[in-house]
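Participant: Below are the chains, spelled out letter by letter.
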Amino acid sequence: MLSRFTGLRAACRVLLLALFLCCALTFGGSLHSSFAQVAGDPSGTKTGAAIDATTANGPIFKDQETVDSVRANVPTIATLADGVGHTRVAVNIVFTLLTGFLVMFMQAGFAMVETGFCRAKNAAHVMMTNLMIYPIGVLGFWICGFAIMFGSVGAVGSLGGTPALIGGEFKIGDVGLWGTRGLFLSGNFYDVGVFTLFLFEVVFMSASVIIPTGAMAERWKFNSFIVYGFFASMILYPIYGHQIWGGGWLSQLGHLYHLGHGAVDFAGSGVVHSIGGWTALAGALVLGPRIGKFTNGKANPMPGHDIPMALLGTFILAFGWFGFNPGSTLGMAGAGGMRAAIIAVNTMLASASGAFAALLIWKAMFKKPDPGMAANGMLAGLVAITAPCAYVTSGFAILIGAIAGGLVCWGVIMIEKNGIDDPVGAFSVHGINGIWGVMAVGLFADGTYGDGLNGVSGNVTGLFYGHGGGAQFMAQMISIVVCGAWAFGISTLFFKVQNALTPGGIRSRREDEIAGLDMPEMGAYAYPEFQLRSEVRESALVD
Amino acid sequence: MLSRFTGLRAACRVLLLALFLCCALTFGGSLHSSFAQVAGDPSGTKTGAAIDATTANGPIFKDQETVDSVRANVPTIATLADGVGHTRVAVNIVFTLLTGFLVMFMQAGFAMVETGFCRAKNAAHVMMTNLMIYPIGVLGFWICGFAIMFGSVGAVGSLGGTPALIGGEFKIGDVGLWGTRGLFLSGNFYDVGVFTLFLFEVVFMSASVIIPTGAMAERWKFNSFIVYGFFASMILYPIYGHQIWGGGWLSQLGHLYHLGHGAVDFAGSGVVHSIGGWTALAGALVLGPRIGKFTNGKANPMPGHDIPMALLGTFILAFGWFGFNPGSTLGMAGAGGMRAAIIAVNTMLASASGAFAALLIWKAMFKKPDPGMAANGMLAGLVAITAPCAYVTSGFAILIGAIAGGLVCWGVIMIEKNGIDDPVGAFSVHGINGIWGVMAVGLFADGTYGDGLNGVSGNVTGLFYGHGGGAQFMAQMISIVVCGAWAFGISTLFFKVQNALTPGGIRSRREDEIAGLDMPEMGAYAYPEFQLRSEVRESALVD
Amino acid sequence: MLSRFTGLRAACRVLLLALFLCCALTFGGSLHSSFAQVAGDPSGTKTGAAIDATTANGPIFKDQETVDSVRANVPTIATLADGVGHTRVAVNIVFTLLTGFLVMFMQAGFAMVETGFCRAKNAAHVMMTNLMIYPIGVLGFWICGFAIMFGSVGAVGSLGGTPALIGGEFKIGDVGLWGTRGLFLSGNFYDVGVFTLFLFEVVFMSASVIIPTGAMAERWKFNSFIVYGFFASMILYPIYGHQIWGGGWLSQLGHLYHLGHGAVDFAGSGVVHSIGGWTALAGALVLGPRIGKFTNGKANPMPGHDIPMALLGTFILAFGWFGFNPGSTLGMAGAGGMRAAIIAVNTMLASASGAFAALLIWKAMFKKPDPGMAANGMLAGLVAITAPCAYVTSGFAILIGAIAGGLVCWGVIMIEKNGIDDPVGAFSVHGINGIWGVMAVGLFADGTYGDGLNGVSGNVTGLFYGHGGGAQFMAQMISIVVCGAWAFGISTLFFKVQNALTPGGIRSRREDEIAGLDMPEMGAYAYPEFQLRSEVRESALVD
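Residue numbers (the UniProt record's numbering), protein chains in the order written: chain Z, 1 to 543; chain U, 1 to 543; chain D, 1 to 543.
Think of the hints as simulated: they come from the structure by calculation, not from any bench.
Keep in mind the model is a prediction, meaning the values are calculated, not measured.
One or more of the hints may lead you astray.
Straight-line C-alpha distance at most 20 Å; calculated EDC-like pairs for lysine to aspartate or glutamate [said to hold, decoys possible]:
hint, chain 1, residue 1, chain 2, residue 2
1, Z, 367, D, 511
2, D, 368, U, 169
3, D, 368, U, 511
4, D, 293, D, 451
All chains, please: the whole structure from these sequences, using the hints.
Facilitator: Printed below as a string of structure tokens:
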């Protein structure tokens with residue numbers, strides 16, 4: 001029996017086939033020529049000519065005649081030079097924006113590493129602190145963080161001059177403490193150069209203030225975390241950042257007291273990672289260890305619930321770091337921006353030696369490698385090379401990374417021995433190796449880069465390359481001490497005051513922590529459908 | 001007992017050690033000098049000189065003598081200007097390609113968000129619709145989608161002129177309806193400028209047509225989905241897209257009827273997201289809700305099976321959006337391309353305020369935040385800022401995002417109240433906030449950008465900044481109505497006809513849906529080894 | 001009762017509120033103006049001028065007066081040309097570095113694909129081979145791999161000349177065998193151009209040597225894998241690579257024996273993928289199949305444990321491939337670098353047709369599509385287009401991809417029929433389609449690109465476009481034979497010798513393989529908390 005409907009279907013199919021054949025006939029010529037040689041500019045050697053050099057808005061239409069007439073009426077050198085200058089700044093903005101985007105993606109890397117190394121019952125909570133620190137930090141940095149850190153940084157030549165950023169520092173005598181201009185990116189700061197700098201710097205802030213979410217994971221109230229997020233992005237991070245990158249007094253140690261180029265921290269081993277690491281340590285201390293972590297002072301293993309997730313996060317971080325370090329030249333054309341190539345290779349080499357060293361060392365100590373330590377070794381190498389990446393040879397990059405791989409192994413063991421619970425090793429990776437990275441500049445800077453940095457002529461040179469390396473090393477050590485004192489001090493104070501002011505304290509309720517924070521604090525389970533074998537075991541640990 | 005084999009091993013080891021020592025002695029000098037200062041150009045200040053400015057193929061060998069001789073025989077200004085023009089277009093292609101790649105990566109973000117928010121028993125099916133929409137869409141856009149949308153767009157100055165794209169529109173009177181040239185990228189379209197544009201636009205198409213896979217997830221026949229994919233990429237998306245970006249009549253409302261600059265949608269709140277959102281709504285309505293979703297008109301929660309996966313997807317989308325919005329300048333040098341820096345910061349600020357607002361609002365309403373709503377809030381902010389990102393100040397970017405965060409909360413609740421089942425909130429995120437974004441241009445455009453857009457001189461200005469803002473607002477509202485009518489109308493028609501023509505309809509078989517679509521439709525389980533606790537619960541819901 | 005503490009809290013809150021109000025009053029003006037039109041350069045049309053064109057270090061401060069004075073004292077053409085040349089090289093380094101970073105990210109894609117397609121009990125082990133091959137390979141390439149492959153490659157014009165890379169080949173007669181300079185990147189190699197090339201090439205090496213980790217997964221001793229990693233990155237990969245990309249004899253077949261342009265392999269279908277695929281096959285043969293894979297010569301399915309993970313990996317690889325292929329122009333400005341746009345589109349089209357063809361073919365053969373085969377089809381298309389991407393039209397790109405999708409289906413079936421166990425289809429994807437890609441250059445190269453390649457004038461032309469296409473095809477076929485003989489021969493030898501020298505052989509212990517390699521070899525479970533339903537089933541298979 002052929003139903004009416006089946007008949008309709010058959011008719012429609014015939015129609016569709018007919019339509020298809022019509023199209024095929026019509027389009028056949030085009031389809032054929034998609035396989036043929038043709039008349040555009042497929043090799044790209046004819047695209048872009050004099051007419052594109054100087055016009056502000058590009059040509060509306062460009063036939064050969066127009067192109068020739070432009071060539072006949074050649075621009076003056078001055079006009080052409082304007083075009084060249086504009087193009088050069090364009091290259092620098094392209095590089096700075098795109099590397100900034102890579103740094104932003106590191107947030108996903110942090111989220112994967114931290115969540116993978118935590119337990120399944122808290123996975124949604126850990127993910128959410130990692131997700132929300134980004135919006136919170138961005139808003140805080142927009143409000144005043146950027147102004148405090150860069151409000152008086154001075155002209156950024158590679159980005160076209162950024163005149164809005166000149167002047168406006170709050171000083172006591174010669175000692176600059178913080179910037180005061182650029183709140184809410186308003187007024188003269190509505191400028192392509194300034195916004196480029198803002199974009200690149202806001203993601204650095206975010207990479208710093210996210211670090212404590214790892215050390216304080218699985219026992220931190222979400223509300224308290226939100227308050228921390230604003231504090232860190234508005235005050236904690238930018239104040240120290242101003243001292244090194246914003247023209248503040250640590251960067252002026254060279255200019256004022258002849259300590260080399262003052263404190264030098266190319267991409268933020270100290271500014272970003274040490275600050276985050278010290279804050280993580282303070283937070284872990286104020287919160288105390290997770291329930292069941294220590295029995296009679298002996299640490300119980302609490303393995304991460306998803307190792308592939310954590311290792312994916314490591315890859316994402318290593319990928320994003322190619323924005324972090326090379327992008328910190330703030331451009332490619334002029335001003336030594338091409339050094340970014342050296343920086344990229346050094347970054348890669350240190351990550352390699354860090355991972356490989358941690359693998360071998362852990363294996364030598366405990367017979368087996370450990371995926372977590374190999375990953376942390378790679379991250380440690382990356383943290384350590386962040387300050388010196390622009391100033392050292394490839395050989396020393398490998399050495400710096402390898403030592404970092406050793407330091408992170410030592411750090412993880414030492415921290416646990418001292419009864420501190422840092423679930424993902426945040427202090428060992430970012431704190432200890434941040435210090436090591438800043439120190440490495442003072443040791444290995446090879447004197448081939450950095451002329452004019454912080455207003456001091458000559459290249460940055462460390463102890464191993466003589467000629468005033470001692471003074472540079474001194475500046476580095478001073479900045480390490482100031483960094484630790486500021487970050488650990490102010491964040492301990494902050495967490496203690498917040499703990500006192502918050503009803504019930506900043507630590508999650510005991511019953512929530514035992515059950516897992518996902519449902520009580522986040523209102524959703526991370527994995528509502530997967531059967532966990534941990535549920536029995538965990539509650540046993542607690543009792 | 002020393003076996004023959006053990007002896008062989010010992011011999012080989014001695015040999016290897018000897019080989020290693022030989023190498024060490026030979027390479028020792030090199031290794032040492034990898035730590036030493038040397039004679040290349042490590043700072044990059046000497047790399048690139050006059051000789052690189054004008055030669056088409058680069059130098060074969062460049063010693064100091066050659067460099068000096070080129071300097072002595074300086075190029076004419078005309079030749080040099082050619083070199084500058086070529087370089088400027090090169091910068092623009094670099095930026096457009098790389099941001100296009102970021103947009104392509106958003107496919108992975110969609111896949112993670114949609115799969116994470118669905119149930120484990122359909123995870124392979126949802127992933128596969130997200131994976132396959134990309135190849136299907138790419139093929140459809142290559143066949144005719146690109147020609148319909150951009151076949152008559154006119155010269156793209158930043159990419160070198162693209163003369164192949166001039167002319168060829170199908171018009172009724174003054175009203176351009178679609179382009180007709182560039183089928184299969186053949187003939188004159190075999191051109192570096194045209195291919196650059198194709199690459200950037202094909203990934204936008206893909207980001208639009210992927211949206212319904214979320215709203216229609218867990219109950220859509222894979223075969224029916226494939227047919228939809230070709231329809232959407234060849235007809236549905238490009239026809240509307242032509243009206244706004246291809247030179248069609250909505251973009252000419254200003255030129256022809258003095259409504260500001262005509263409909264303005266910088267990176268596609270309407271063109272990409274609203275179109276996708278309306279289609280998603282139509283599809284969800286035609287399919288009907290999932291089995292068990294509503295009991296007596298009351299919605300049952302069907303929580304996503306993997307929250308970390310969904311939040312990773314959110315990060316990937318937020319990362320890719322930095323290609324989406326800033327890349328839509330189609331270049332950096334000339335023609336206001338540097339505005340990309342403003343756009344990038346606005347994009348980030350709106351995503352931040354969207355996520356934060358949704359978090360607070362949901363918490364205020366239901367006592368607890370929700371990871372899904374925070375993620376959707378971030379995406380809502382991104383969708384909403386997509387149209388206005390190039391025209392508003394940072395303050396308004398935050399406001400637009402915050403309102404988007406509120407709208408998405410309202411949308412999710414409202415959709416569910418109306419008995420519509422949209423598993424991932426696709427219409428609330430992309431449909432509602434796409435509309436809001438297009439409207440926001442008419443409200444907040446600040447008159448600092450857009451001179452000459454759509455053939456209208458002067459910058460784009462919204463209601464809040466006076467001077468004809470009303471006319472611009474009117475153009476925006478017209479485009480919103482046309483967009484909804486077209487996308488919802490044509491896709492409802494399409495799905496209904498397809499449903500009638502497909503034996504058994506476009507909805508999966510009842511028994512497959514209950515069992516999960518993975519094995520019956522995809523031939524593989526997403527997680528063949530993980531024990532699911534949901535299996536019992538789900539079947540209970542159904543009975 | 002109001003406790004002392006509650007009082008303190010109230011006091012603090014009042015204080016905080018007061019502080020907030022003070023700030024609000026102070027900052028109010030700024031906040032307001034963040035919504036207002038202002039005086040920076042928000043459109044970016046005024047940023048960058050003549051003063052930026054030529055100064056090496058950028059301006060210190062740039063007021064209008066300075067800008068005007070620079071314009072008055074215009075640079076000479078020679079000076080300006082220097083600035084242009086520097087800028088052009090800067091564009092090229094930006095493009096090469098950023099695309100190189102994308103290629104590095106492919107490591108994460110490989111890791112996700114391989115781990116997702118393996119079983120849960122080995123997931124940490126498979127992830128770790130994928131994580132560690134990167135550091136191991138990077139160190140090996142730094143030591144001598146780069147020197148062997150590129151130590152005599154000659155000037156790279158787009159990167160500024162790289163004089164350090166000229167000369168130094170080890171030759172027998174006319175036949176160049178390997179490079180000898182650049183060990184440890186020391187001496188003159190400390191140069192921005194050389195380091196840029198190193199960065200781009202080291203990630204290609206890594207993408208090649210990672211391939212066997214898939215075919216040899218789930219039964220390979222981790223220690224043996226480490227030794228392999230150094231061998232592959234230091235010897236196996238660079239020696240063949242030198243023949244094609246380093247100036248070695250296969251690339252000279254045209255110059256010396258008039259076989260077209262010699263062997264042409266634009267981005268490495270042969271150099272990277274075939275080499276990896278052949279090595280994978282050799283490794284799989286030496287290891288033998290996994291326990292339980294074959295019963296009486298019939299293959300038992302061993303489905304991947306996490307399909308969403310594997311498909312995420314596919315997306316990441318497809319994303320990274322936009323670095324792989326377009327980046328292989330080593331620049332955008334000059335020397336036909338803009339061809340990158342054509343290459344990017346071809347790459348995308350081939351991935352699309354590969355995935356779609358594999359989906360349809362598998363469905364035609366087995367009634368259902370398979371997520372694994374769709375993913376492998378996409379990867380096969382990408383592998384196959386890698387060599388010809390720069391030389392073919394968009395139509396042929398689609399054809400090449402579609403055939404690749406068919407080949408991978410055939411390969412997977414054929415390999416299993418022959419009793420070989422390749423858990424992720426590495427040989428079918430990379431080996432077979434690597435060969436197909438190299439062959440496709442000789443068939444479809446359309447004669448619009450490649451002038452001067454390998455010292456032969458005229459564009460690269462294949463059989464289908466006549467004029468000496470036969471000679472080019474012959475060169476391609478020779479390279480295919482040499483590639484297979486070298487890679488399969490040397491790696492079989494290597495694995496056999498290593499197997500004999502390693503106590504217990506290079507295959508994991510039987511009891512470890514049955515239990516899963518994670519705990520015995522890695523010291524950690526991938527998923528310590530998820531309940532696996534596989535545990536019973538797996539042990540049943542073994543008995």
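Participant: Does each hint fit the structure? Answer for all of them.
Facilitator: Status of each hint after checking the structure:
As the CA atoms of residue 367(Z) and residue 511(D) are separated by approximately 18 Å, the hinted pair is consistent with the 20 Å bound. Under the criterion of a C-alpha separation no larger than 20 Å, the hint pairing residue 368(D) with residue 169(U) is inconsistent with the structure, at around 42 Å. Among the hinted pairs, residue 368(D) with residue 511(U) is consistent with the structure: their alpha-carbon atoms are about 17 Å apart, no more than 20 Å. Using a Cα cut-off of 20 Å, the hinted pair residue 293(D) and residue 451(D) is violated, with the two alpha carbons roughly 50 Å apart.
The earlier numbered hints that this structure contradicts are 2 and 4.
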